[in-house]
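Visitor: Here is how the chains run, residue by residue.
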Amino acid sequence: MAAAVPGASRARAAAALLLLLGCCGAALASGPQDQAEQFFRSGHTNNWAVLVCTSRFWFNYRHVANTLSVYRSVKRLGIPDSHIVLMLADDMACNPRNPKPATVFSHKNMELNVYGDDVEVDYRSYEVTVENFLRVLTGRIPPSTPRSKRLLSDDRSNILIYMTGHGGNGFLKFQDSEEITNVELADAFEQMWQKRRYNELLFIIDTCQGASMYERFYSPNIMALASSQVGEDSLSHQPDLGIGVHLMDRYTFYVLEFLEEIHPASQTNMNDLFQVCPKSLCVSTPGHRTDLFQRDPQKVLITDFFGSVRKVEITTETLSLHRDVAGFESKFPEEELATEPLKYAEQLPVAQIIHQKPKQKDWHPPGGFILGLWALIIMVFFKTYGIKHMKHVF
Amino acid sequence: MAAPLVLVVLAAVTVRAALYRSSLAVFIAERVEVASPLNAWKRVVEGLALLDLGVSPYSGAIFHETPLIIYLFHFLIEYAELVFMITDVLTAVALYLAIQDFNKVVFKKQKLLIELDKYAPDVAELIQTPMEMHYIPLKVALFYLLNPYTVMSCVAKSTCAINNSVIAFFILATIKGSAFLSAVFLALATYQSLYPLTLFAPALLYLLQRQFIPIKLKSKSFWLYTMQYASLYLCSLVVIICLSFFLLNSWDFIPSVYGFILSVPDLTPNIGLFWYFFAEMFEHFSLFFVCVFQINVFFYTIPLAIKLKEHPVFFMFVQLAIISIFKSYPTLGDVALYMAFLPVWSHLYRFLRNIFILSCVLIFCSFLFPVLWHLWIYAGSANSNFYYAITLTFNIGQILLVSDYFYAFLRREYYLTHGLHLTRQDGTEAMLVLK
Chain A
1 MAAAVPGASR
11 ARAAAALLLL
21 LGCCGAALAS
31 GPQDQAEQFF
41 RSGHTNNWAV
51 LVCTSRFWFN
61 YRHVANTLSV
71 YRSVKRLGIP
81 DSHIVLMLAD
91 DMACNPRNPK
101 PATVFSHKNM
111 ELNVYGDDVE
121 VDYRSYEVTV
131 ENFLRVLTGR
141 IPPSTPRSKR
151 LLSDDRSNIL
161 IYMTGHGGNG
171 FLKFQDSEEI
181 TNVELADAFE
191 QMWQKRRYNE
201 LLFIIDTCQG
211 ASMYERFYSP
221 NIMALASSQV
231 GEDSLSHQPD
241 LGIGVHLMDR
251 YTFYVLEFLE
261 EIHPASQTNM
271 NDLFQVCPKS
281 LCVSTPGHRT
291 DLFQRDPQKV
301 LITDFFGSVR
311 KVEITTETLS
321 LHRDVAGFES
331 KFPEEELATE
341 PLKYAEQLPV
351 AQIIHQKPKQ
361 KDWHPPGGFI
371 LGLWALIIMV
381 FFKTYGIKHM
391 KHVF
Chain B
1 MAAPLVLVVL
11 AAVTVRAALY
21 RSSLAVFIAE
31 RVEVASPLNA
41 WKRVVEGLAL
51 LDLGVSPYSG
61 AIFHETPLII
71 YLFHFLIEYA
81 ELVFMITDVL
91 TAVALYLAIQ
101 DFNKVVFKKQ
111 KLLIELDKYA
121 PDVAELIQTP
131 MEMHYIPLKV
141 ALFYLLNPYT
151 VMSCVAKSTC
161 AINNSVIAFF
171 ILATIKGSAF
181 LSAVFLALAT
191 YQSLYPLTLF
201 APALLYLLQR
211 QFIPIKLKSK
221 SFWLYTMQYA
231 SLYLCSLVVI
241 ICLSFFLLNS
251 WDFIPSVYGF
261 ILSVPDLTPN
271 IGLFWYFFAE
281 MFEHFSLFFV
291 CVFQINVFFY
301 TIPLAIKLKE
311 HPVFFMFVQL
321 AIISIFKSYP
331 TLGDVALYMA
341 FLPVWSHLYR
351 FLRNIFILSC
361 VLIFCSFLFP
371 VLWHLWIYAG
381 SANSNFYYAI
391 TLTFNIGQIL
401 LVSDYFYAFL
411 RREYYLTHGL
421 HLTRQDGTEA
431 MLVLK
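In order, the protein sequences belong to chains A and B. At position 217 of the first sequence the residue is numbered 217 (my numbering), and the sequence of numbers has no breaks. At position 126 of the second sequence the residue is numbered 126 (my numbering), and the sequence of numbers has no breaks.
If you are wondering where the hints come from, they were derived from the structure by calculation, not from laboratory data. No residue lacks a Cβ here, since even glycine has one placed at the ideal position from N, Cα and C. Careful, some of the hints might be misleading.
[Unchecked claim] Chain A is faced by these chain B residues, among others (derived, beta-carbon under 7 Å):
| id | residue |
| --- | --- |
| 1 | GLU132 |
| 2 | TYR135 |
| 3 | PHE180 |
| 4 | LEU247 |
[As the list claims (entries may be wrong)] FRET-style restraints, in silico, Cβ to Cβ:
| id | chain 1 | residue 1 | chain 2 | residue 2 | range |
| --- | --- | --- | --- | --- | --- |
| 5 | A | GLY231 | B | PHE288 | 52 to 62 Å |
| 6 | B | CYS235 | A | TYR385 | 15 to 25 Å |
| 7 | A | ASP91 | B | PHE75 | 47 to 57 Å |
Sequences are here, hints too, so could you generate the full structure?
Guide: Dropping the structure here:
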């Protein structure tokens, strides 16, 4: 009996050890699980946004408001202006028909001014063309283009591309005079993929028959959303009777309301974005395409595309850098003469520039040259007139 | 004759000064018809500013003036307007003196030929008299100074005026008979813009005529004189080019000036024929056509020398006209120079056939240049074809003018030796045609 008890205790110990091992194994197994999960988290290091409004004229106010509201959200969530390429085909804020100049509203009764005072438009007015847009995407830009007009993304960049305007089955109209087709867009994205210009790309389009624009994509890591299916029109939201035009499109309006809830640390994922604007609110059926995207949309955070990894928070507060150190001020007594603030015109002293005396010349012809030239001239003179005529001169 | 000349000079200076002070000065200075990439004032200022910054002005493709112009304007840039007015006055005075002497020569030659009975009996009305030739030098000075083309060119401060004055001094020196000075001034003119090289032939012919050396290919004195003149010319050219080297201690100016003139890289529209062709042409052919176009300028010298060897000053006029029509960057200043000579051949008026239509063409084209330019560049409703059409018409007008004068001159010469009333073999009146 004494042999059975140690055997049973050994078995119990072995079972306990096995259980422990099992637990450890489970724990360790969850380690690779975590690692695997980490592996499938987005590996981007920077965020870019390309926001395009393709229509001009006053009655297309809503397209500019759409783009500016996405711009505002993206900037609020941390992407700085240096990483945003904003293309607006027309200037609504300073349009002569705008009863509230320097504003672009997205909600009626002027609740939200999406124009603000720190909007940086990179491509404006007639610069918004298909050619420029494709050049921005593919990076084939003339060397003289300033940095603010370039998409300087790399293979670790997540890019948000938002386009709005008037579109049709397979095309999007630019500026009322040209179009970009879905084939061209797909080709541009493929060029971007081959040049390693993006890590992941989120393409959102708010036009009529918008789903046709993402039909032709074939490059990996692209997720696309559209406001309406082929054969459907995207409708505008609400007009403001004071301004006289429709302020926003429905889809982007509800996307904006959705994005207003997001903050830089939120964990909301793409599936929630797909649910924005159901048919009851939007009248059109929003569509999305995720087959080219490698990760599960459930695991893709909104801030992966709309926010910035750096979690930059833009503040409008000012800091005072004065130091109230006694004795410090005595070195800088208040001796400044009271000067009137210069008016704008006076700050550009054009009159002074025009009428100033010519400045001292720094270059002088070499002495040898002057000597040689005058020697030649005198020789010619003497040869022609002869030395005997010199007595008439003197 | 001095007093009327002084009056004319004063009037010209007043007109120019008035225009300098007016708002038209800026407008005219920008016009492509008077300011070409070779002689625009803007580029001279730019080149001098680059020098002040320590950079060679030839380093970019802006400045195409010769180093002597740099030297001249380095000291005179503040008095630029005065310099250009004085240049115009000097040109006019030089032309005045030259034509005065030339008239004496013509008259002497005419008298000699009459005494030698070389003229037909019925050509009394064709003989030039001193009375009618008395005012020709004044008219020449007047034509040069008060020509709207010259005034515009002066107000635009285009260095074409300096080139014109050097050519005028060259003509004066040639007509006075000084081979040395004529070679020096011709070298200066060639040094500045390559094309006066072709004026070597008429100058040589005139000097040979003056020295009474017959122009026979076998004659030793002919070759001796030619060699002397050619060596004077080439030596002075070489000396001037070598001297220019010492201004900036580099040979940069040679591709910038002569390479630019010959290879025509800048296709800014002007009143010439090159820009449109080369703008439309494929790269593959441009070398060939540049050579063709440049040879075209120099090509007429030999046939004209053979035909006009007795009349070298007329040859000079025709050659100047050919240069200003076919050169790579012509401006209205070049046109003004040969137009100043037209009074010298006012006796050919009765033989000119197309003078009315040609003057209409030239005047209308001159007015249409700024109109079509505005329509093309500013209004956007025309294109380069419109402007080139006017350029072509203007040049055709000029070519027809020159060929009309050429025909009239030869016709007069023929009449002088064969009589005014030409009859064919069967007694009917004959018509002289230029074959």
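Visitor: Would you mind marking each hint as holding or not holding in the structure?
Guide: The hints, checked one at a time:
no. : hint                            : result
1   : GLU132                          : violated (33 Å)
2   : TYR135                          : violated (29 Å)
3   : PHE180                          : holds (6 Å)
4   : LEU247                          : holds (5 Å)
5   : A:GLY231 x B:PHE288: 52 to 62 Å : holds (59 Å)
6   : B:CYS235 x A:TYR385: 15 to 25 Å : holds (20 Å)
7   : A:ASP91 x B:PHE75: 47 to 57 Å   : holds (52 Å)
The structure fails hints 1 and 2 (numbered hints given earlier, in ascending order).
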